[in-house]
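Number of protein chains: 2
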Amino acid sequence: MSCNDTHKTRFVLEEKDMPTAWYNVQADMPEMPPYLDGAGEPARPEQLAAIFPPALIEQEMTKERYIDIPGAVLDILRTFRPSPLTRARMFEQALGLPDNVKIYYKYEGINASGSHKANSAIPQAYYNKQAGITKLTTETGAGQWGSALSMAGSQLGMDIEVFMVGVSYDQKPYRRIFMENYGAKVHRSPTNLTNVGRAVLETDPDTPGTLGLAISEAVEIAATNPDTNYSLGSVLNHVILHQTLIGQEAILQMELAEAEPDIVIGCCGGGSNFSGLAFPYYKRRLDGKSKARLLAAEPKSCPTLTGGEYRYDYGDEAKMTPQMMMYTLGHDFVPPGIHAGGLRYHGDSPLLSALVHSGDIEATAVYQTDCFKYALMFSRAEAMLPAPESSHAIAAAVQEARAAAEEGRDCTILFGLSGHGFFDLAAYDAYNQGKLQDFDFKTGTTR
Amino acid sequence: MSCNDTHKTRFVLEEKDMPTAWYNVQADMPEMPPYLDGAGEPARPEQLAAIFPPALIEQEMTKERYIDIPGAVLDILRTFRPSPLTRARMFEQALGLPDNVKIYYKYEGINASGSHKANSAIPQAYYNKQAGITKLTTETGAGQWGSALSMAGSQLGMDIEVFMVGVSYDQKPYRRIFMENYGAKVHRSPTNLTNVGRAVLETDPDTPGTLGLAISEAVEIAATNPDTNYSLGSVLNHVILHQTLIGQEAILQMELAEAEPDIVIGCCGGGSNFSGLAFPYYKRRLDGKSKARLLAAEPKSCPTLTGGEYRYDYGDEAKMTPQMMMYTLGHDFVPPGIHAGGLRYHGDSPLLSALVHSGDIEATAVYQTDCFKYALMFSRAEAMLPAPESSHAIAAAVQEARAAAEEGRDCTILFGLSGHGFFDLAAYDAYNQGKLQDFDFKTGTTR
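Chains as they are written, first to last, in our numbering: chain A, 840 to 1286; chain B, 840 to 1286.
Keep in mind that a hint or two might mislead.
Because identical chains cannot be distinguished in the list, a pair is counted as satisfied if it fits within a single copy or across any two copies.
[As the list claims (entries may be wrong)] Derived DSS-like pairs (lysine-lysine); straight-line CA-CA distance at most 30 Å:
no.: 1; residue 1: Lys968; residue 2: Lys1212
no.: 2; residue 1: Lys974; residue 2: Lys1274
no.: 3; residue 1: Lys974; residue 2: Lys1212
no.: 4; residue 1: Lys1024; residue 2: Lys1212
If you are wondering where the hints come from, they were derived from the structure by calculation, not from laboratory data.
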């Protein structure tokens, strides 16, 4: 492999090339079904004001196509953006792909918190601070979102209180310490600090906790303290909005690479990483500049888009949030114990759900052992160790690349590598030792 | 803080701007005292051939000023280089520094292995493969070097066998798994695989191991197997040589920043990170383009340059290596148990030692609790969590910045942030819980 320009592997943008506005997909799709309040009526903005600041409620509802990013937010984002986009030449070789099947990836794990979650944590902390809020509560499962919000809190001078799902708290002490290093207060959820938590502990004192329950606790604290708001790392429209820098940058970088993707792939739990990469390509398709298929990759053990129902459901276990129209496995869904990665939320972004429902966006589900297998192959070729979450995109990319190779099709694949796996080595160890099994939610079978 | 060009924080070089030759400081300093063999005679190149390939022995001895980097090595280095150089604006604010005291840092933790060690691991694996070697042995303590060589082995198709200091093996399972993910074989040292290891285990079966002993085991395996060589992550001239990309890039980036450092600081164990940053500035000083002081920062509990003797000593505990003229605490030195970071090698690079001895380069020693304190302050301001090793440079930079501020001096500081601390969270937890003490080797006092 020589090193002239036609063989470039890394497509670097400068600070000044970072987009200065977020792309709002609501401008380019049909009217969304409204959120519903406890009475089943369309939720009014003021009902959200107990836990969200005005600017984020506005971003949740607006149909403006581009929303300018505040200068102070740009300043912080530019300390780690634009993020790199790389041609995965060594991974292509390891897979034995022909020359006309190419794989590119956009890597979001460069920032100190290690995943794309930082892209929304920083503006959320900023807008809350602007609104006079001094503390944010949130939940975290695998730990990426809690880490990102803790980092944002330390940089913007906000107190952060994280309700960490009990089983993760026990299994991932490094994630807890990492958040504490940024000054965050981390609780093992459920706690005795909330009505919701106390009620659960009373009937089931040894519960390992769930993500839906940790959300309920964080929302309860925010709703009952005037100086405290709640912050969510995925699902909601304003979170998706903040992630659209990923796709906007990717478009510029693929132009530098003189390549146009035939398919854009991202891993998908609540939808923030996938949508952040894919929605700007959805727009590009509307503009007639792209014909890319957009493919969300989710776990077979928690297959919201491919195995859930499209209906109204709550965002949390205790039904404290509004109901949203989305693909859901039910707000009391708990993924099986053998599921090792993240992406375990029961629902999905309403925006993404609507675009999947309309057929504009595709979804696929992959087995976790395939994810770990291709994550390790990727890591040995390209060096970076993917988060188990991100590896769902890799497994789907391999599937697409091999299909194209078999059919003799030209195919340019772009996938999102949403974060690194440095805090997930226990799961890799379990895989290396042959201890991981696969579960298919739709068929109820284990293999 | 606004975002125009005069307020740029990140100084990005493109792939094409990466230097294509290493800088060899031996061209610009007096004749080095020779390595000595077991008989006390100057070691001949062929004596090194049992464990090193010809190209690296040549690099160990040559006085050529610039050594071209092979194209295949450039191709891999360019997947993660040039590394970023950043103005630490938020850290400056957190320290309350005046406008005329500025701090820049060059960050080497972006690559997948997480530290500067990758810069030498890749060429070492390459030259060994070129020489027909199929396996490399090495030792690792804190784990950065073992991780880097494991990554290089996976990318270049070499088997890697790592002797990991027993106590680290027990305390850092994530490091072990991380190396295994790249396909490396990791042993808890001492082992029953070597004469050296068996002898120690016979008299002391519960030994926690030492770095010097792990080196001896790795050297023994390499010396007794023709298809196997040994690879060292610091100290030797060719390792220092490979690290000089750091300083060469930093010079270009500081020019982009329109700033010239008054002082260049790096953490220092065996000397590879510090020398890689500082030696190109030593050259720049000889060329009359810089007046920078060059300052190596080491632990007070293991203060080789500031507390050791400048004399001949062995590189390993079992005296299997040649003797080298260097600052040393004695080849049987073991750092105290309360020392939490890396930088625990008993000796120091002969090249760096000579330049410290001649007064061209300065050294200082810092307490570990100061390192953790300023590492956390840095992390909360700049977001990235430093490795405990790297934090020695931060503590020294703070000292210099505050002295300049107090004296009202203009001062531009450049320090090397050699790697991230994502695998070192147990040490941070110990610090957060007030469990870390300081030890001063020179006075023998604990605080």
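To see whether the hints hold, each was checked on the structure:
For the homomeric pair Lys968 and Lys1212, the shortest alpha-carbon distance between copies (26 Å) is at most 30 Å, but the shortest distance inside one copy (43 Å) is not. In this homomeric assembly, Lys974 and Lys1274 come within 30 Å of each other (Cα to Cα) only across copies, at 29 Å, whereas the closest approach inside a single copy is 41 Å. Only between protomers do Lys974 and Lys1212 lie at most 30 Å apart by alpha-carbon distance; the minimum there is 24 Å, versus 41 Å within a single protomer. In this homomeric assembly, Lys1024 and Lys1212 come within 30 Å of each other (Cα to Cα) only across copies, at 18 Å, whereas the closest approach inside a single copy is 35 Å.
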